[in-house]
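> My request is simple: use the sequences and hints to build the entire structure.
There are 2 protein chains.
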Amino acid sequence: MRTEFHHQLDALNTDLAHMCELAGEAMQRATLSLLTVDLDAAEQTITELETLARLRHDVDHAALTLLARQAPVASDLRAVVAAVHIASDADRMGGLAGHVARIVRRRHPESALPSEVVAQFSEIGSLAVDLADDAASVIVDGDPVRASRIRDDDAAMNDMHRRLFSTVMSPQWSHGVPAAVDLVLLGRFYERFADHAVAIAARVLFRSTGQTALHPGQ
Amino acid sequence: MRTEFHHQLDALNTDLAHMCELAGEAMQRATLSLLTVDLDAAEQTITELETLARLRHDVDHAALTLLARQAPVASDLRAVVAAVHIASDADRMGGLAGHVARIVRRRHPESALPSEVVAQFSEIGSLAVDLADDAASVIVDGDPVRASRIRDDDAAMNDMHRRLFSTVMSPQWSHGVPAAVDLVLLGRFYERFADHAVAIAARVLFRSTGQTALHPGQ
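The listed protein sequences derive, respectively, from chains A and V. Take 349 as the starting number for the first sequence in the numbering used here and just add one per residue. Take 349 as the starting number for the second sequence in the numbering used here and just add one per residue.
It is possible that part of the hints are untrue.
[Stated by the list, open to error] Some but not every residue of chain V turned toward chain A, in silico, with C-beta under 8 Å: (1) L415; (2) L425; (3) A503; (4) V532.
[To be verified] Chain V is faced by these chain A residues, among others (derived, beta-carbon under 10 Å): (5) D408; (6) A410; (7) A419; (8) A422; (9) V428; (10) V429; (11) S436; (12) V493; (13) S496; (14) R497; (15) S518; (16) P526; (17) L533.
Simulated from the structure, these hints should not be mistaken for laboratory data. From a predicted model like this one, the values you see are computed outputs, not experimental measurements. The C-beta atom is built at its ideal place from N, Cα and C for all residues, glycine as well.
Below you can see the structure in the form of structure tokens.
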């Protein structure tokens with residue numbers, strides 16, 4: 349039989365999954381603004397981060413209340429502590445989408461992307477959204493297929509980041525310093541976004557087993 | 349009278365302060381390796397992060413044990429949850445020092461710093477070490493003078509980061525793309541290091557008041 353505690357924990361996890369989805373939507377919108385040089389989409393990305401921040405506040409509060417009222421132990425306790433970390437990761441993912449949008453805003457009306465990397469950023473953006481959605485799924489049902497896809501997508505993200513870095517650092521680079529700097533920062537924001545999705549999946553595994561099985565990049 | 353719980357909480361805070369000090373030492377060594385192009389110091393920075401990771405694991409374990417055995421409420425509960433966040437921030441500060449050291453390693457035997465920014469990075473490095481030490485102090489005794497110095501030093505760090513960014517992005521920049529990219533990444537690592545110190549101070553205030561008074565940058 350499900351206890352009151354478990355119903356409250358389910359509600360907490362629903363909120364966490366929603367936070368991941370919101371972070372994914374934020375990165376999707378930020379990527380769209382980057383690819384299409386759309387200032388409105390960039391502004392909207394930044395404005396809507398407020399929703400994520402509010403949800404994080406609610407989750408933190410709900411987690412503290414659960415700990416205080418129910419004093420859970422063992423895997424129940426780990427699940428609540430994991431929730432606090434996951435909320436922090438998802439909030440930060442939104443923050444990174446905001447960073448992407450801010451670069452779009454700073455460069456507007458010019459594009460931050462030289463034409464030869466547009467396709468690459470389209471792919472990087474899709475990977476980021478998949479990672480956020482998979483993290484949401486893993487939170488809700490611990491789906492091992494999705495958890496392993498997170499690992500694969502994170503590896504793909506790291507490859508893309510390395511390729512981007514090589515492109516920018518090569519002697520053939522012809523777009524000057526400001527474009528190079530923006531691309532490297534953008535690459536880092538997406539890569540960190542992926543790292544937080546990996547960290548969330550690792551936390552979900554930890555909360556059930558007490559062991560971590562995934563190692564997020566530093 | 350101090351309870352068993354409060355003695356354990358004191359021990360936890362001693363470990364957290366030690367984590368901040370270790371993160372500060374890591375950034376000090378990383379900065380030294382950057383300023384003097386010292387590969388050994390860079391390698392040592394990276395190797396010694398293991399100590400910080402181990403300590404973080406111990407703190408997380410001690411916090412879970414405290415929650416499970418003592419079921420604290422109100423400000424005691426907030427203090428333990430804050431400890432889990434602070435451990436994560438301090439660990440990440442060490443990770444950022446590791447990133448600085450990795451740039452030194454990648455560029456060795458060349459310097460990552462054009463001569464005109466060496467003095468600036470020396471100052472940035474000192475600020476970072478002060479921030480880590482002040483965070484340690486705030487954890488131990490909630491010293492309001494140190495907490496307000498953290499705010500000032502973070503503002504100074506943000507100024508330096510902006511100045512560095514302008515230098516690199518200006519048409520007068522003459523050191524090419526790879527040097528520009530490394531400087532921007534280095535600037536970002538130090539700035540994030542400062543943000544985590546600010547976040548730690550904010551958590552310490554939160555644990556006593558239930559309100560946050562400092563707002564770390566995204």
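> All the hints need checking, so say for each whether the structure fits it.
Results of checking the hints against the structure:
At about 6 Å, the closest approach between the beta carbon of V/L415 and any beta carbon in chain A falls short of 8 Å, and the interface hint on this residue holds. Taking 8 Å as the C-beta contact cut-off toward chain A, the hint placing V/L425 at the interface holds, the least distance being around 5 Å. Residue-level restraint check for V/A503 is violated (minimum Cβ-Cβ distance to chain A is 19 Å; threshold 8 Å). For the restraint placing V/V532 at the interface with chain A, the shortest Cβ-Cβ distance is roughly 5 Å, inside the 8 Å limit, so the hint holds.
Interface hint status for A/D408: upheld, as the beta-carbon distance to the closest one in chain V is roughly 8 Å, under 10 Å. About 12 Å separates the beta-carbon of A/A410 from the nearest beta-carbon of chain V, more than 10 Å, and the hint is not met. A distance limit of 10 Å between C-beta atoms decides the matter here; for A/A419 the minimum to chain V is near 4 Å, and the interface restraint holds. For the restraint placing A/A422 at the interface with chain V, the shortest Cβ-Cβ distance is roughly 7 Å, inside the 10 Å limit, so the hint holds.
Satisfaction of the interface hint for A/V428 is found here, the shortest Cβ-Cβ separation to chain V being roughly 9 Å, below the 10 Å cut-off. A hinted interface residue such as A/V429 counts as satisfied when its beta carbon comes closer than 10 Å to some beta carbon of chain V; here the least separation is about 6 Å, so the hint holds. Using the Cβ-Cβ criterion of 10 Å, the hint placing A/S436 at the interface with chain V is satisfied: the shortest such distance is roughly 7 Å. With a cut of 10 Å, the hint placing A/V493 at the interface with chain V is violated, because the nearest CB-to-CB distance is about 28 Å.
For A/S496, the interface hint is violated, since its Cβ never comes within 10 Å of a Cβ in chain V; the closest pair sits about 25 Å apart. Taking 10 Å as the C-beta cut-off, the interface hint given for A/R497 is violated, the closest approach to chain V being about 25 Å. Restraint check, A/S518 versus chain V: the minimum CB separation of about 9 Å is within 10 Å; hint holds. Nearest Cβ of chain V to the Cβ of A/P526: about 5 Å, under the 10 Å cut. The hint holds.
At its closest, the beta carbon of A/L533 sits 7 Å from a beta carbon of chain V; the interface hint therefore holds under the 10 Å criterion.
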